[in-house]
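Enquirer: Using the working numbering, the first residue of the sequence shown is number 1, and each one after it goes up by one.
Mixed in with the good hints there might be a few duds.
What the hints assert, rightly or not - Each pair of labels, with its calculated beta carbon distance range:
no.	residue 1	residue 2	range
1	D105	H170	40 to 50 Å
2	A18	K96	34 to 44 Å
3	W167	N101	36 to 46 Å
4	R19	G128	36 to 46 Å
5	E161	G103	32 to 42 Å
6	K41	Y168	37 to 47 Å
7	S134	L171	24 to 34 Å
8	K95	R19	16 to 26 Å
9	E40	G128	43 to 53 Å
10	R19	L171	14 to 24 Å
11	H170	D16	21 to 31 Å
To be verified - Below, in silico cross-link-like pairs of lysine-lysine (PhoX-like), each with a Cα-Cα straight-line distance of 20 Å or less:
no.	residue 1	residue 2
12	K60	K82
13	K33	K188
14	K41	K29
15	K33	K82
Calculated directly from the structure, the hints in this document are not laboratory data.
In this text, a Cβ means the ideal position worked out from N, Cα and C, and glycines have one as well.
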Amino acid sequence: MSTFTNYDSVAASDYDVARLPIGADIMEKFIRKNSPADYEKTSLVDFGTGTGSYIVELLKSGMKLAMCTDFSQIMLDKCEAKLLKGGFDERFGVKKVCLPNSGFDNDEFEAAKCSMVIHHLVKTNENGVVDDWSPIGDAFSEAHRVLKPGGVFVVAFSTPEQRGGNWYAHLVPDTRARTIARCPSKEKVRELFQE
Numbered sequence: 001m002s003t004f005t006n007y008d009s010v011a012a013s014d015y016d017v018a019r020l021p022i023g024a025d026i027m028e029k030f031i032r033k034n035s036p037a038d039y040e041k042t043s044l045v046d047f048g049t050g051t052g053s054y055i056v057e058l059l060k061s062g063m064k065l066a067m068c069t070d071f072s073q074i075m076l077d078k079c080e081a082k083l084l085k086g087g088f089d090e091r092f093g094v095k096k097v098c099l100p101n102s103g104f105d106n107d108e109f110e111a112a113k114c115s116m117v118i119h120h121l122v123k124t125n126e127n128g129v130v131d132d133w134s135p136i137g138d139a140f141s142e143a144h145r146v147l148k149p150g151g152v153f154v155v156a157f158s159t160p161e162q163r164g165g166n167w168y169a170h171l172v173p174d175t176r177a178r179t180i181a182r183c184p185s186k187e188k189v190r191e192l193f194q195e
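Work out the full structure, taking the sequences as your base and the hints as a guide.
Expert: Following this line, the structure appears as structure tokens:
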């Protein structure tokens, strides 16, 4: 659950304007190459699906099935409407989930995806400083649990350097500092993967 952004309010209304599925083709190629099943037989769980923009692209490219999860019911409703409008009626499901607990069975999916979510999982003190990174590792463990043997897990995230380098960051210095503080380094993500 995000304590950083309330996706049931403002963000859910204009989410798709600023968040395009950039790199969906790269995710597709990576999953296609590394899934233990043929791509057309691959089922994927998406942790933090938002409005489902990436899932639309993955299903268009031939992926069999996507289970879309998010903590925000409003985001899931938008995702479901988008996927129904796209004609993917029998190829997706939606489920409200609060990571790290997904409620899925062990070894259920060939692939898992978590895109721009992990900075929402961390626990911070009253000053916005992260004092507990472990929820990210717990989410990684949950993904591992629900993946079939040899399954592939795609994680997209921003490092502090990337967040601080946004062209507009200098215009909102307080928000920039708050955002940077929540983003794990590449080394921290590697460490949490190994736990």
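Enquirer: Within 24 to 34 Å or not, the Cβ separation of S134 and L171?
Expert: holds, 33 Å
Enquirer: That 37 to 47 Å hint for K41 and Y168 (C-beta), does it hold up?
Expert: With a Cβ separation near 42 Å, K41 and Y168 satisfy 37 to 47 Å, so the hint holds.
Enquirer: When you take the CB atoms of E161 and G103, is the distance between them in 32 to 42 Å?
Expert: Given range 32 to 42 Å: holds, Cβ gap about 35 Å.
Enquirer: Has the given pair, K33 with K82, been kept, meaning a C-alpha gap of at most 20 Å?
Expert: violated, 27 Å
Enquirer: Using the C-beta atoms of W167 and N101, is the stated range 36 to 46 Å upheld?
Expert: Cβ of W167 to Cβ of N101: about 37 Å, so the range 36 to 46 Å holds.
Enquirer: For the pair we were handed, K41 and K29, check the Cα-Cα distance against 20 Å.
Expert: holds, 15 Å
Enquirer: A range of 43 to 53 Å was offered for this pair. Does it hold for the Cβ distance of E40 and G128?
Expert: Holds, since E40 and G128 (Cβ atoms, about 45 Å apart) stay within the stated range.
Enquirer: Between R19 and G128, is the Cβ distance one that fits in 36 to 46 Å?
Expert: Given a distance of about 23 Å, which is not inside 36 to 46 Å, the answer is violated.
Enquirer: Given the range 14 to 24 Å, decide if the beta-carbon distance of R19 to L171 lies inside it.
Expert: holds, 19 Å
Enquirer: For the hint 21 to 31 Å, verify it against the beta carbon of H170 and that of D16.
Expert: holds, 26 Å
Enquirer: Starting from the hint 40 to 50 Å, judge whether the C-beta atoms of D105 and H170 obey it.
Expert: The hint (40 to 50 Å, Cβ to Cβ) holds, given that D105 and H170 are roughly 47 Å apart.
Enquirer: Are K95 and R19 spaced within 16 to 26 Å by their CB atoms?
Expert: Distance hint for K95, R19 holds at roughly 21 Å.
This entry does not satisfy hints 2, 4, 13, 15, going by the numbered hints stated previously.
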